[in-house]
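Listed here are the chains, written in short residue letters.
Protein chains: 2
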Amino acid sequence: MEQIFSYGQLRDFTRDVFLKMGCSAGHADLAATVLLSADLRGIDSHGVARLSGYVRLWEAGRINPTPDIRIVHETPSTAVVDGDGGLGLVVAPFAMQVAIDKAKIAGTGWVSVRHSNHFGIAGYHAMMALEQDMIGMAMTNASPLVAPTFATERMLGTNPIAVAIPAGEQPPFVADFATTTAANGKLEILQRKEQEAPEGWVQDKNGNPSTNPNELKSGGALLPLGGDREHGSHKGYCLGAIVDIFSAVLSGANYGPWAPPFVSFLPLPPDPVGKGLGHFFGAMRTDAFRPADEFKAHMDTWINRFRSAQTVPGEEKVLIPGDPEREMQALRLEAGIPILAPVVKDLGEVASKFKINF
Amino acid sequence: MEQIFSYGQLRDFTRDVFLKMGCSAGHADLAATVLLSADLRGIDSHGVARLSGYVRLWEAGRINPTPDIRIVHETPSTAVVDGDGGLGLVVAPFAMQVAIDKAKIAGTGWVSVRHSNHFGIAGYHAMMALEQDMIGMAMTNASPLVAPTFATERMLGTNPIAVAIPAGEQPPFVADFATTTAANGKLEILQRKEQEAPEGWVQDKNGNPSTNPNELKSGGALLPLGGDREHGSHKGYCLGAIVDIFSAVLSGANYGPWAPPFVSFLPLPPDPVGKGLGHFFGAMRTDAFRPADEFKAHMDTWINRFRSAQTVPGEEKVLIPGDPEREMQALRLEAGIPILAPVVKDLGEVASKFKINF
Numbered sequence: 001m002e003q004i005f006s007y008g009q010l011r012d013f014t015r016d017v018f019l020k021m022g023c024s025a026g027h028a029d030l031a032a033t034v035l036l037s038a039d040l041r042g043i044d045s046h047g048v049a050r051l052s053g054y055v056r057l058w059e060a061g062r063i064n065p066t067p068d069i070r071i072v073h074e075t076p077s078t079a080v081v082d083g084d085g086g087l088g089l090v091v092a093p094f095a096m097q098v099a100i101d102k103a104k105i106a107g108t109g110w111v112s113v114r115h116s117n118h119f120g121i122a123g124y125h126a127m128m129a130l131e132q133d134m135i136g137m138a139m140t141n142a143s144p145l146v147a148p149t150f151a152t153e154r155m156l157g158t159n160p161i162a163v164a165i166p167a168g169e170q171p172p173f174v175a176d177f178a179t180t181t182a183a184n185g186k187l188e189i190l191q192r193k194e195q196e197a198p199e200g201w202v203q204d205k206n207g208n209p210s211t212n213p214n215e216l217k218s219g220g221a222l223l224p225l226g227g228d229r230e231h232g233s234h235k236g237y238c239l240g241a242i243v244d245i246f247s248a249v250l251s252g253a254n255y256g257p258w259a260p261p262f263v264s265f266l267p268l269p270p271d272p273v274g275k276g277l278g279h280f281f282g283a284m285r286t287d288a289f290r291p292a293d294e295f296k297a298h299m300d301t302w303i304n305r306f307r308s309a310q311t312v313p314g315e316e317k318v319l320i321p322g323d324p325e326r327e328m329q330a331l332r333l334e335a336g337i338p339i340l341a342p343v344v345k346d347l348g349e350v351a352s353k354f355k356i357n358f
Numbered sequence: 001m002e003q004i005f006s007y008g009q010l011r012d013f014t015r016d017v018f019l020k021m022g023c024s025a026g027h028a029d030l031a032a033t034v035l036l037s038a039d040l041r042g043i044d045s046h047g048v049a050r051l052s053g054y055v056r057l058w059e060a061g062r063i064n065p066t067p068d069i070r071i072v073h074e075t076p077s078t079a080v081v082d083g084d085g086g087l088g089l090v091v092a093p094f095a096m097q098v099a100i101d102k103a104k105i106a107g108t109g110w111v112s113v114r115h116s117n118h119f120g121i122a123g124y125h126a127m128m129a130l131e132q133d134m135i136g137m138a139m140t141n142a143s144p145l146v147a148p149t150f151a152t153e154r155m156l157g158t159n160p161i162a163v164a165i166p167a168g169e170q171p172p173f174v175a176d177f178a179t180t181t182a183a184n185g186k187l188e189i190l191q192r193k194e195q196e197a198p199e200g201w202v203q204d205k206n207g208n209p210s211t212n213p214n215e216l217k218s219g220g221a222l223l224p225l226g227g228d229r230e231h232g233s234h235k236g237y238c239l240g241a242i243v244d245i246f247s248a249v250l251s252g253a254n255y256g257p258w259a260p261p262f263v264s265f266l267p268l269p270p271d272p273v274g275k276g277l278g279h280f281f282g283a284m285r286t287d288a289f290r291p292a293d294e295f296k297a298h299m300d301t302w303i304n305r306f307r308s309a310q311t312v313p314g315e316e317k318v319l320i321p322g323d324p325e326r327e328m329q330a331l332r333l334e335a336g337i338p339i340l341a342p343v344v345k346d347l348g349e350v351a352s353k354f355k356i357n358f
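Protein chains in written order, with full-length UniProt numbering: chain H, 1 to 358; chain A, 1 to 358.
Same shape as in the complex, but just chain H:
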């Protein structure tokens, strides 16, 4: 049912595919590293499993392999970056680096991005700030699959937010989550296992609660974090909306239901309100607030206190955001990355198409 590959094998193969799409060596290398960081961290839905999706978008002319990524507007602490239709996997690190460079001088840097594409996992980009003793933030809008509270229409993407915060002796705090009750990848797992979804994950096309994991195929929608009004779905809707506005209304990308779909078989929405997808990045120097060593020592205290909190019966410990992904990465670098049979087949087809080894 699954096959194990080494990180190096998958990374090199992915790089070769991006090279065949016409990306420069530098871009192909970076895009492969960003994409594979999802597999390493155990977010399987966002890694090589999506490689064929990027290829199909490229075939449909919706990805520019040789983009002129550039700053189109700036102030001391802000910039707007135009991704020129490039892979989000390379546009995003460019924009995050701009945020970091701004923060070095102004204390913080904030970059909104237009005309981009899917950027892999938000956490990768947020974590770029850590080695500079900065707090990093990354968010993006995405294909409309989510119904706001009280709506039947799919108006928002799963619009993830990542925040990475450096610590001292402790590993960093890294939160990275979709603003829906459950990400689409979790539904796909239930589909394969032919299991029902918990309540609060999806609704049918008429807006009725549903536990059918295939609901999205017949016009249903994912639900914002909270699930329904009584459980706070209006808060998840607010979060998804804020991500959409920061990523796309600030930058001049497509927002809400106009966000271009990731799957190439869906047409682009008519009458676009901007260019491509949007992202938003932030970097804050910790020493723009207090000495970095002091900040990191208090983060250690924070992390130690939370990790040692009394647990509910049946759970061993309270997790610090980033713990499970870091442990997964250590494991998979050592033992390899399991890839499901349908994904292996998919990658084999990509290999034949480009006449490269897999």
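No lab work stands behind these hints: they were computed from the structure.
Just so it is clear, CB atoms sit at the ideal spot from N, CA and C, and this is done for glycine as well.
Treat the hints loosely; a few may be bogus.
Unchecked claim - Cβ-to-Cβ under 7 Å is the rule here; a few derived chain H residues that face chain A:
# : residue
1 : 6
2 : 22
3 : 165
4 : 198
5 : 207
6 : 315
What the hints assert, rightly or not - Computed spacing ranges between beta-carbons, pair by pair:
#  : chain 1 : residue 1 : chain 2 : residue 2 : range
7  : H       : 323       : A       : 25        : 48 to 54 Å
8  : H       : 269       : A       : 42        : 35 to 41 Å
9  : A       : 345       : H       : 131       : 54 to 60 Å
10 : H       : 209       : A       : 53        : 35 to 41 Å
11 : H       : 265       : A       : 300       : 31 to 37 Å
12 : H       : 218       : A       : 300       : 30 to 36 Å
13 : A       : 307       : H       : 308       : 44 to 50 Å
Following the hints, position chain A against chain H.
Chain A in isolation, oriented as in the chain H frame:
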């Protein structure tokens, strides 16, 4: 069961109480305006109902009525403000103004605050940015009442986040929400009505799911947005943690379980890790990203599209964050503010204590 007061009556009374506590005329006026904005917007738990709580904190020596609020560290886009133990109701507008002033020059401004107290509703402070065509953000940590996912201990406050975004013809987008499934005020309403809480709001002291709205009185806890792991409570926990770290670890306030309680009958936690409560504010000039008129026109498109989305059966329209509160404010300015009998009694006692009319 309730009594109607005009906004002016309640505001003047509140101002007089703060004057009696020894606040300056300017501070008393501002604090009353901030506190009453909660009643106007329909967030009754955070308005005059809390006035006697502030008085008791002052009696316990935990509020400094004549604080020297000052910037203790700054860069072009950041500052740390020390509230000197003052009312959060006056410390917060000071700090938000610093963020706005920074944004005028650097494009954005970010201010972390230590040694403060409860600041009323987050939305008031975020909305200060709107008249400058800026996006405003406000968050705060608070009394520990919330158990992280898998924990039985109360480690976080309801840690609200507010984001205010200007529009053109449309009223602004104003999100303001606790990062828990339900705020404590909603539990208090159920207690008074002797009704059960929905699942996912609270757990008992051993970490078992509960529907008893009195659970917090016997060592239980509020739950992060999502309720349980299957419904995304780890995301609500991440949000609450991020608010705590930005508000208190960045500034040097008390974080996590060390956050000082709002109620004066609870002792301050031993071995404090900082000073007082913490807040975090942000201001972003919209024209630091694109021309303000262009941004606001696209916000109008965003708002119109979402407001006109197809609704689920039984609901008239999809709400834009801020709609219900704005409508409530218009109504209450006209028709007055209903105050529950126990709160009226409470305010009467405050009036007698200070020998002022009510």
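Quick rundown of the hints versus the structure:
1. 6: With Cβ-Cβ at 30 Å, over 7 Å, it is violated.
2. 22: Since chain A brings no Cβ nearer than about 31 Å to residue 22 of chain H, farther than 7 Å, the hint is violated.
3. 165: At 6 Å from the nearest chain A Cβ, residue 165 of chain H passes the 7 Å test, so the hint holds.
4. 198: holds (5 Å)
5. 207: Holds. Min distance 3 Å.
6. 315: holds (4 Å)
7. H:323 to A:25: 48 to 54 Å: Since the Cβ atoms of residue 323 of chain H and residue 25 of chain A sit about 51 Å apart, the hinted range of 48 to 54 Å holds.
8. H:269 to A:42: 35 to 41 Å: Check passed, 36 Å falls within 35 to 41 Å.
9. A:345 to H:131: 54 to 60 Å: holds (58 Å)
10. H:209 to A:53: 35 to 41 Å: Hint holds: Cβ distance 39 Å, inside 35 to 41 Å.
11. H:265 to A:300: 31 to 37 Å: This hint holds: roughly 32 Å between Cβ atoms.
12. H:218 to A:300: 30 to 36 Å: holds (33 Å)
13. A:307 to H:308: 44 to 50 Å: The hinted range 44 to 50 Å holds for residue 307 of chain A and residue 308 of chain H, with Cβ atoms some 47 Å apart.
Of the numbered hints stated above, those contradicted by the structure are hints 1 and 2, listed in ascending order.
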